[in-house]
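Asks: What follows is the residue order along each chain.
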Amino acid sequence: MTYHQAEYDEKYIKEINSENSFSCEKIELPKLDDSIAQDDLKLPEIAENDVVRHYVRLSQMNYAVDTGFYPLGSCTMKFNPKFADRIANDSRFARVHPLADYEYSQGNLQVMYELREYLKVISGMDAVSLQPLAGAHGEFTSMLIVRKYMEDIGETGRTEIIIPDSAHGTNPASAAMAGFSVVEIPSLETGVINMDALEAALSEKTAAFMITNPNTLGIFETDIKEIADMVHRNGSLLYYDGANLNAILGLTSPGSMGFDMVHFNLHKTFATPHGGGGPGAGPVAVKSFLEKYLPFPRIEKEGDLYILKSDEKDSIGRVAGFQGSFTNLLRAWAYIKYKGSNGLLLNTQRAVLNANYMAKRLEPILNYHHEGLKKHEVIMSTKMVNKRALDIAKYIINKGVHAPTIYFPLIVPEALMIEPTEDASRDDMDEFCNIIQEAVLTPDEELHKMPVNLSIGRADEVKAAKDLKLKW
Amino acid sequence: MTYHQAEYDEKYIKEINSENSFSCEKIELPKLDDSIAQDDLKLPEIAENDVVRHYVRLSQMNYAVDTGFYPLGSCTMKFNPKFADRIANDSRFARVHPLADYEYSQGNLQVMYELREYLKVISGMDAVSLQPLAGAHGEFTSMLIVRKYMEDIGETGRTEIIIPDSAHGTNPASAAMAGFSVVEIPSLETGVINMDALEAALSEKTAAFMITNPNTLGIFETDIKEIADMVHRNGSLLYYDGANLNAILGLTSPGSMGFDMVHFNLHKTFATPHGGGGPGAGPVAVKSFLEKYLPFPRIEKEGDLYILKSDEKDSIGRVAGFQGSFTNLLRAWAYIKYKGSNGLLLNTQRAVLNANYMAKRLEPILNYHHEGLKKHEVIMSTKMVNKRALDIAKYIINKGVHAPTIYFPLIVPEALMIEPTEDASRDDMDEFCNIIQEAVLTPDEELHKMPVNLSIGRADEVKAAKDLKLKW
Amino acid sequence: MITLVVDSMDTDNDLLAYLGMNDYEDLFRDIPNNIRSDIKSIGGGRSEMDVMFESERIGSKNAINMKIFLGLGAYERFIPSSIPNIIMRNEFITSYTPYQAEISQGMLHSLFEYQSIISDLSKMDVTNSSMYDGPTGLGEAVRMAHRINGKKTVLIPENIRLSHRQVIKTYITGLDILLKPYPVNEDGTINLDKLIQLIDEDTSAIITYNPSNYGTIDPGVANIKEIKKAAIHIAYYDPVSLAIIKSPGDYDADIAVGEGQQLGISLSYGGPYLGIFSFKEKYVRKSPGRLIGETVDTKGKRAFVMTLQTREQHIRRDKAMSNICTNQALLAIASSAYLSILGKKGLRWVASRSMENVSKTFKKMEKVSYVKVHKWKNPFFTDFIVDAGVKSDTLMANLEKAGFLGGLKANSFLFTMPDKLKNDVFFAATEMRNDSEIDQLITAMEAI
Amino acid sequence: MITLVVDSMDTDNDLLAYLGMNDYEDLFRDIPNNIRSDIKSIGGGRSEMDVMFESERIGSKNAINMKIFLGLGAYERFIPSSIPNIIMRNEFITSYTPYQAEISQGMLHSLFEYQSIISDLSKMDVTNSSMYDGPTGLGEAVRMAHRINGKKTVLIPENIRLSHRQVIKTYITGLDILLKPYPVNEDGTINLDKLIQLIDEDTSAIITYNPSNYGTIDPGVANIKEIKKAAIHIAYYDPVSLAIIKSPGDYDADIAVGEGQQLGISLSYGGPYLGIFSFKEKYVRKSPGRLIGETVDTKGKRAFVMTLQTREQHIRRDKAMSNICTNQALLAIASSAYLSILGKKGLRWVASRSMENVSKTFKKMEKVSYVKVHKWKNPFFTDFIVDAGVKSDTLMANLEKAGFLGGLKANSFLFTMPDKLKNDVFFAATEMRNDSEIDQLITAMEAI
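Protein chains in written order, with UniProt numbering: chain U, 1 to 472; chain P, 1 to 472; chain L, 1 to 448; chain V, 1 to 448.
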């Protein structure tokens, strides 16, 4: 197979030697006092033509779902349907000002209301806030809810959040940001919760236990009901990190499992595009006893009208300038309508099927401990073959396929975290397995030279951090 | 400089191993007699996801104006503004059925009417048909008008069209298609019309003389007025091939030069995208005495209303299923509005300035005869340096820049036909000149190995024609 | 309206200086004063913002919420959103004809696939990489038949679309070709008995339509191969219909032509559309248009190039098989992407749902007092005609007023029609229509 | 509504067989029955066509032709069509955070340029690669100031936007920080004399706005550096205003925060927007968010990577400088493309034409009987307030009825306002408005 990523010696945009071609009428600058007038406006000055070319060329040097298989574990890179983009760019939705009164934004409010109702069903929760702007923002919002609830019921001594050592980094970061101390508990080797460790960690200081199920090793916590009971008996709350919701959607729900609250990552579960880093959207759903703490404004329906209500009384406050990441909410709404209950369930079934297929294919080389059923992702370890995960990753990208997540979860040595998603074709998966096999058979000194088929060779990350250069 | 085009071993789309994911309700096939019922519907069966990926990857293996400098002479590859695409995709314009009555398509008719008026001014002609679907189609239409006119005035013996040997291939092909014999006359070395040869060729059999001005060597025919007089004295018509209109737009016009008819290439002159081969649009403009021969239906204005008139009486007939290549007409209309008279004139000035800059830069190496002013394009010859134009072209594309047109015009040995257009930046031009210089200094045996940085090496065109394979 | 001042730019002055010139005018000394002219009357330039505002204003003058119950060569079919995503890829839409094959494999590969997919669908040997539209494709087909056999008469159905006949007529100007109508049955299908009598040694080509020009599916096309003698059978077909009825290759057509607009291309007031053009391999050297062929590169890797260019204008000039240069490449890609996304299941759904909608509309129209529907054996596909009685002349105008496009008087659209169908009007129903819209249409018709 | 049947697919059966399983259910044996649930109540799937029809229907329930004379953090500015073309590039929009640098240089290069362009514009040392929106950027800035100096009081203008104060308040939950309002002048600008008196050893940060929260340009920001003591000056600014007024770096701000929605991003009912976040280099290790750094590859070629990741959640976990993972990368690219296309000329045009429209609107409003305009020395930039007298409470609702968005009651939007401005309402005029719309607005106001 021959592969080469597009490679251009692309200049800094400001260095392109052409001239501003923006067409506008001449207009006089307002007369302002020297003390306040801008005296050195620095912007690139190039032709629009060249701006377009610059970004077209740069884009070709960027891997994406629409260029190939993207088994980046935990990030759930699935196909972003183009109709959702089309709807998001429809001026009927996109030209609405966030401060327009509800009578004049009924369409957008209906979308938000319907999405809220969908998310309630999907999560098995009673109330939803669509305001948080990303998954981590939803976690932060939820942690503030935990805090406020505990204050309300007079349990101000509950200052700790328990988190398994396999958790996503945002979990402890969000808990800390909300002013909690983080108590990390070790997992069993498969990533499954160590019930003894949990029991030992739970105390009168425990505000909540944050987990994801299946866990970050892709293993379902079968004892989740017992865990929930244990946490609740302790007077603590149970939080569901929705990053892995796509593994169980339609079969069980955080609500059925006994969770009190959950955040969603709309890009992971409902295929909103991730945009190379964002924007995302991180709605939060809670059981009814926590509803009053949700951020305001909240969407409600009065008769036939959708309205926004700003009841601040018990709320944790406002977490965004306006109503949330609306066009992402809109895309998720359209996606759920398109897939429906049957399509979403099939997503889950196929995502899990594909993960288990990958697991079985790769088992002979890279298996890591767990032999049973996987859910949506599978953890392998290159330690099994005495390779560095980083080297294997660079070999994979050199073949024009995105690498799995590496070195996460932290508890697995030389981890590869592989998530094919429901969209992976048999071809995608088989080709990926073959690449892994080749990589493993490649001598280390060869691996260290990788990549050679991409727009650059291996980047010097140490120099980047040492000789800090953050602008041109 | 490092450069590599994206390279994928892209399969045939039908070989991609995934499954049809098109979502539709189940519906029963109509019951048809076996004798007529389809019994073997063959289509690719793959997931939408993979269709998108397939085309994204293929697109990265295709050079375009939006990836870089494209000095393909005579093809006039200029920036296609994105607002024109946006307007063309606006459902207000795009969802109108061609058979809707005029009262219900006033917007589209207004666009066509306004464009018609613009084209009259720009060409200095009296009447316009927007129906022809491409430049060559406009030529064919025009030749039919010549024919019909000659029949009408009883000059049925005028069966010849004179064409210079430097002409675009479509000229003789279109004339022949309309039933004329083609008389080719030799040009002077600079491509300028050989007046003696013209005089000798003109006879009672001459229906028309087809030329472009500036000619395909980018040289303006200064004696155009005399040529027009000579042709008209002979009772023949003078036809303007609009491919090079962008060289003189705003400074003179076919009408002012004495032409009787002209076709436009909207993509060359008004920046409608060429789509890798089409669609185009080739409106035709004529002097008033030829108006009645234009194709029907024609757009007219009655009071405040725009209408389509189908007066077949003297018309050459209908040349397209409906009204023409509407969205391209729309794009050209928007472009003319945007640029205005001043912007279009500046286009001309800059296109000619850039061509002359290129000529002077390349003169020391590749100059071909003509020393004076160039218009929008410049002809060089690699014969001057004992190289094959093809080899130089392959060297250029190997550097990630599109090659000039080669081996055209036919009268120049080892021709390179370079057209920078008004959009070329100084950088683009200087870099191109440097590449030419390098290419000339590269030994032939090295040149023969080119390209190596593209998605394939040099393609075997002989095999393609010999072992004909026109489908998978 | 504000006119923009466009500044001359600094670089330009540098370049002028390099050329030893003072201003732009020096670049145009070769254009004599007596032929100078300007274009000031078209007005000054404007900002993109102003142009967008104006285009929105003018676009809004169209009737943009019309419910479309009309086809006749231009169908409102559903376009998956992936199609515009693909064809608007900068690398495709802003490229030129792939003259330099090695740097243009993306376009060449895509067009080769278009040729292959259409050949598979139509079951024809070869498909060229596109013509302008269906009707000009017919014109080229008639010319090609004449090139092949040099004969004179081209038989066309008497109910041929007027516009098609007009385009063909224009296309044969100057050639010794005579268009001769052949009779059709009551339901618009080929009258084989009468057609046989018209075929003789002078017959250059026979043009058939399936569906027929009334919209009915025509089993008669299968019989042409037995009766055509030396004539070329030019089959005009509806590509969507092939989901359920036989392909031109099944009935041994020599040249197959279709309108590809239905395959993922918007209505756009009539253009640009896509002329689909296929033929038997033995005729390839007489064929018009561009062909993409598969070959290998120096390393034996699969490669695609434009091939048999010696048939084309830029090589063969006045001896070329056609004058076509620019074709409809981008729309060819749209159609292959469309067919690939839909696949069998999808195309069958489109075809079946259209027929189902036609049959529903049909059934409900029976109840409109002044309408008589035809109970013919051959079913309608997407277009259909009904007898609208005394209201036929004004029906379309009245329906448009009510927000529906449909009811086009058939004898204004077809070349000839028998008297007994003189009050017939055209409707169509694609997969885009639904029960409620059909009911609304019926209500609107009843109110007229 | 038709529910679709989604078939299980052949390949799936192959894979199940490979796993020794009979059906999908075998994959979920690990989920106990007592926690099973379904989602049937959300209804079955639909075709893309149906979803498109429904979205159009629901979108049409919004007031889509409203003339927008309101800003307040969300501006209808002209977006060059090249911007959607760029950010909808499949390779950008469907990619993830560039964890594998070598295969993601396009995104990294673009984000590095975003950091550079914003740093140039704001004249700040460092810009991170985006925050969620302007207000959450303020929240993070307050937290960052606290991390830097550990102090307690954050001084905010008494006329701060209510929503900003609410977000900041949420963001400091659990931290020992006190928000303390400082007085402003009659025209909304900083009352320096009174501010000085409030600054003491406990002051962690001073938040300033330019333009002020009434919309006036505030020269006072230049004086903060002399009076701030150990406090961090957090400057909230309007990026478009920097075309004509001084940058945060000019007045030595420590952290500069802005809302980037104006830079090529659509209104979208409030999001997603773009939090612009810059600061002095010395604070980089205390800063939240992601940073892209330049480095070299093994051959010494320029390369870009995510850097200083040790500040981030996936490395530092509960000790991270922020919990941000997903940010607004794509919109950061939109804003750099916007600034690059407009350049100086364009951004000055946007700023100047907005001010000109404000001044025109203003002048005409003087003639509306119940309106009093403020004749303040500091000019308004894009937002402005006027006294709408007795009609102020109902003005916005009445204007919306007439098709105009504007007239938002100021004291419902700002934290506190003096009594004498209690009848003031907000308007704005961007470059998108024109004379005729301004006249129509005035006519509509007169009619109320």
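In short, the hints are calculated from the structure, not lab data.
Please note that a few of the clues may not be correct.
Unchecked claim - Here are the simulated SDA-like cross-link-like pairs (lysine to any residue), alpha carbons at most 25 angstroms apart as the crow flies:
(1) Lys301(L) - Arg361(U)
(2) Lys42(U) - Pro84(V)
(3) Lys292(U) - Asn17(U)
(4) Lys280(L) - Trp472(P)
(5) Lys344(L) - Lys292(P)
(6) Lys61(V) - Ser91(U)
(7) Lys61(L) - Asn89(P)
(8) Lys287(P) - Phe53(L)
(9) Lys301(U) - Arg285(V)
(10) Lys301(V) - Tyr102(U)
(11) Lys449(U) - His4(P)
(12) Lys469(U) - Arg285(V)
(13) Lys67(L) - Lys292(P)
(14) Lys31(P) - Lys229(L)
(15) Lys14(U) - Asn13(L)
(16) Lys466(P) - Asp125(L)
(17) Lys360(P) - Phe28(L)
(18) Lys229(L) - Gln309(L)
(19) Lys67(L) - Glu54(V)
(20) Lys319(L) - Asp33(P)
(21) Lys180(V) - Asp314(U)
(22) Lys383(U) - Glu363(U)
(23) Lys11(P) - His4(U)
(24) Lys67(L) - Leu308(P)
(25) Lys11(P) - Arg361(U)
(26) Lys42(U) - Phe28(L)
(27) Lys309(U) - Lys401(V)
(28) Lys148(P) - Lys360(P)
(29) Lys399(P) - Lys26(P)
(30) Lys345(L) - Lys360(P)
(31) Lys120(P) - His4(P)
(32) Lys301(P) - Asn434(L)
(33) Lys42(P) - Lys345(L)
(34) Lys292(P) - Asn434(L)
(35) Lys363(L) - Ala37(P)
(36) Lys26(P) - Asn434(L)
(37) Lys463(U) - Arg302(V)
(38) Lys61(L) - Lys287(P)
Asks: State for each hint whether it applies.
Replies: Hint by hint, here is what the structure shows:
1. Lys301(L) - Arg361(U): violated (31 angstroms)
2. Lys42(U) - Pro84(V): The hint holds at about 24 angstroms.
3. Lys292(U) - Asn17(U): Cα-Cα ~57 angstroms, so violated.
4. Lys280(L) - Trp472(P): holds (16 angstroms)
5. Lys344(L) - Lys292(P): violated (49 angstroms)
6. Lys61(V) - Ser91(U): holds (12 angstroms)
7. Lys61(L) - Asn89(P): holds (16 angstroms)
8. Lys287(P) - Phe53(L): The hint is violated at about 34 angstroms.
9. Lys301(U) - Arg285(V): Roughly 46 angstroms separates the two Cα atoms, so the pair is violated.
10. Lys301(V) - Tyr102(U): Judged against 25 angstroms, a Cα distance of about 54 angstroms means the pair is violated.
11. Lys449(U) - His4(P): With a Cα-Cα distance of about 19 angstroms, the restraint between Lys449(U) and His4(P) holds, given a limit of 25 angstroms.
12. Lys469(U) - Arg285(V): Distance of about 14 angstroms is within 25 angstroms: holds.
13. Lys67(L) - Lys292(P): violated (36 angstroms)
14. Lys31(P) - Lys229(L): violated (33 angstroms)
15. Lys14(U) - Asn13(L): holds (21 angstroms)
16. Lys466(P) - Asp125(L): Roughly 17 angstroms separates the two Cα atoms, so the pair holds.
17. Lys360(P) - Phe28(L): Satisfied, since the Cα-Cα distance of roughly 16 angstroms is no more than 25 angstroms.
18. Lys229(L) - Gln309(L): Since the Cα atoms of Lys229(L) and Gln309(L) sit roughly 31 angstroms apart, the hinted pair is violated (cutoff 25 angstroms).
19. Lys67(L) - Glu54(V): holds (16 angstroms)
20. Lys319(L) - Asp33(P): Between Lys319(L) and Asp33(P) the Cα gap is close to 46 angstroms, so the pair fails against 25 angstroms, i.e. violated.
21. Lys180(V) - Asp314(U): holds (22 angstroms)
22. Lys383(U) - Glu363(U): holds (13 angstroms)
23. Lys11(P) - His4(U): holds (16 angstroms)
24. Lys67(L) - Leu308(P): holds (22 angstroms)
25. Lys11(P) - Arg361(U): holds (24 angstroms)
26. Lys42(U) - Phe28(L): violated (37 angstroms)
27. Lys309(U) - Lys401(V): holds (21 angstroms)
28. Lys148(P) - Lys360(P): violated (46 angstroms)
29. Lys399(P) - Lys26(P): Not OK: Lys399(P) and Lys26(P) at ~52 angstroms, beyond 25 angstroms, violated.
30. Lys345(L) - Lys360(P): violated (61 angstroms)
31. Lys120(P) - His4(P): With a Cα-Cα distance of about 46 angstroms, the restraint between Lys120(P) and His4(P) is violated, given a limit of 25 angstroms.
32. Lys301(P) - Asn434(L): violated (37 angstroms)
33. Lys42(P) - Lys345(L): The hint holds at about 11 angstroms.
34. Lys292(P) - Asn434(L): Violated - the C-alpha atoms of Asn434(L) and Lys292(P) are around 45 angstroms apart, more than 25 angstroms.
35. Lys363(L) - Ala37(P): The given pair, whose Cα atoms are some 23 angstroms apart, holds under the 25 angstroms limit.
36. Lys26(P) - Asn434(L): holds (15 angstroms)
37. Lys463(U) - Arg302(V): Cα-Cα ~12 angstroms, so holds.
38. Lys61(L) - Lys287(P): Given that 25 angstroms is the threshold and the Cα spacing comes to 31 angstroms, the pair is violated.
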